[in-house]
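Student: Sequence:
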Amino acid sequence: MIDKHALQQALSQQMPHLAGLPKQRLGQSGTDNYIFRLGEHYCIRLPRHTEAAAQLKKEGDYLSHLQDLPLATPQLIAQGQPFSGYTHNWAVYIWIDGTDLHHGTAIAPSSIAESLGGFLKTLWACDATNGPAAGAQNNYRGTSLHQRDKLTRQAIHDLSDEFPEQSLLEIWETACKAAPHEGQPVWVHGDLHAANILAKNGALVGIIDWGLMGIGDPAVDLMPAWSLMDQNTRAIFRDITNVSETTWLRGMGWSLSVATIAYAYYRNRPDYWLNEISLRTLHTLVGNGAPPSTLDS
Numbered sequence: 001m002i003d004k005h006a007l008q009q010a011l012s013q014q015m016p017h018l019a020g021l022p023k024q025r026l027g028q029s030g031t032d033n034y035i036f037r038l039g040e041h042y043c044i045r046l047p048r049h050t051e052a053a054a055q056l057k058k059e060g061d062y063l064s065h066l067q068d069l070p071l072a073t074p075q076l077i078a079q080g081q082p083f084s085g086y087t088h089n090w091a092v093y094i095w096i097d098g099t100d101l102h103h104g105t106a107i108a109p110s111s112i113a114e115s116l117g118g119f120l121k122t123l124w125a126c127d128a129t130n131g132p133a134a135g136a137q138n139n140y141r142g143t144s145l146h147q148r149d150k151l152t153r154q155a156i157h158d159l160s161d162e163f164p165e166q167s168l169l170e171i172w173e174t175a176c177k178a179a180p181h182e183g184q185p186v187w188v189h190g191d192l193h194a195a196n197i198l199a200k201n202g203a204l205v206g207i208i209d210w211g212l213m214g215i216g217d218p219a220v221d222l223m224p225a226w227s228l229m230d231q232n233t234r235a236i237f238r239d240i241t242n243v244s245e246t247t248w249l250r251g252m253g254w255s256l257s258v259a260t261i262a263y264a265y266y267r268n269r270p271d272y273w274l275n276e277i278s279l280r281t282l283h284t285l286v287g288n289g290a291p292p293s294t295l296d297s
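In terms of my numbering, the sequence shown has 123 at position 123, counting the first letter as 1, and numbering is strictly consecutive.
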């Protein structure tokens, strides 16, 4: 927990030009960062643990290299040092005004598919020279699916009381047999799901939480096709991204792997937000029809 008085002292000492702005702790702060709204135009992100601090530093080092993206990304304003009772570096960013798709906002599903597809095409075309290679630094997002084989198979087995084990194994094995990414690795976000996609006034406006970004296989960023979209909008998304059949299959594998591992770990916490995203993905993959979500309201 962050001591607000200590945070105020840190602002006064390290960023006096921002110290007079009102602060409000956001209740929907994520698992990696405490987040405070700072005035009307800024937010403070304070990592909860060492890994999150490394991810925040990476965002600060590399996001500025990704220019002319069609949706907003976090813009670093200032970096802070540890203070009394808090041991990590922290940062102030421009506030991106919008509501994440998981917590609900009115937007046409086709608009999500079109905007997200266009965003990814632009992201993948950005110069990836000297970017951080996918691997341990981003939990291997954008590497070979075979890195996740053991964990994924175990999660599939653990969920056999809720989902058909053989069906999920067939999807996984098909994805793992797909040819690997050809050509140069590209920039990937690595963690695209509804809680990291912002919308406002019926349109997507921003992509946040880039802690798992890296240079790797673009297939990892196709996960929203199964976590957010139905058959029709998935077709729109696939057409716009214009990925190969093998890339699409690997994307399906990423979607299955991330959803099964997350749900197997968190399903004893039924109110945890990631469970809804994981369940929606798994029901889509096995053809049950996705359960209702905040996007359907």
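Since the hints were derived computationally from the structure, they do not count as laboratory data. Hints may be right or wrong, so weigh each one.
Here are the computed lysine-lysine pairs in the DSS-like style, where the Cα-Cα straight-line distance is at most 30 Å [claimed, not checked]:
(1) Lys200 <-> Lys23
(2) Lys150 <-> Lys200
(3) Lys23 <-> Lys57
(4) Lys4 <-> Lys23
(5) Lys150 <-> Lys58
Student: Next, verify each hint and record whether it holds.
Tutor: Verification of the supplied hints:
no.: 1; hint: Lys200 <-> Lys23; in the structure: holds, 23 Å
no.: 2; hint: Lys150 <-> Lys200; in the structure: violated, 40 Å
no.: 3; hint: Lys23 <-> Lys57; in the structure: holds, 22 Å
no.: 4; hint: Lys4 <-> Lys23; in the structure: holds, 9 Å
no.: 5; hint: Lys150 <-> Lys58; in the structure: holds, 28 Å
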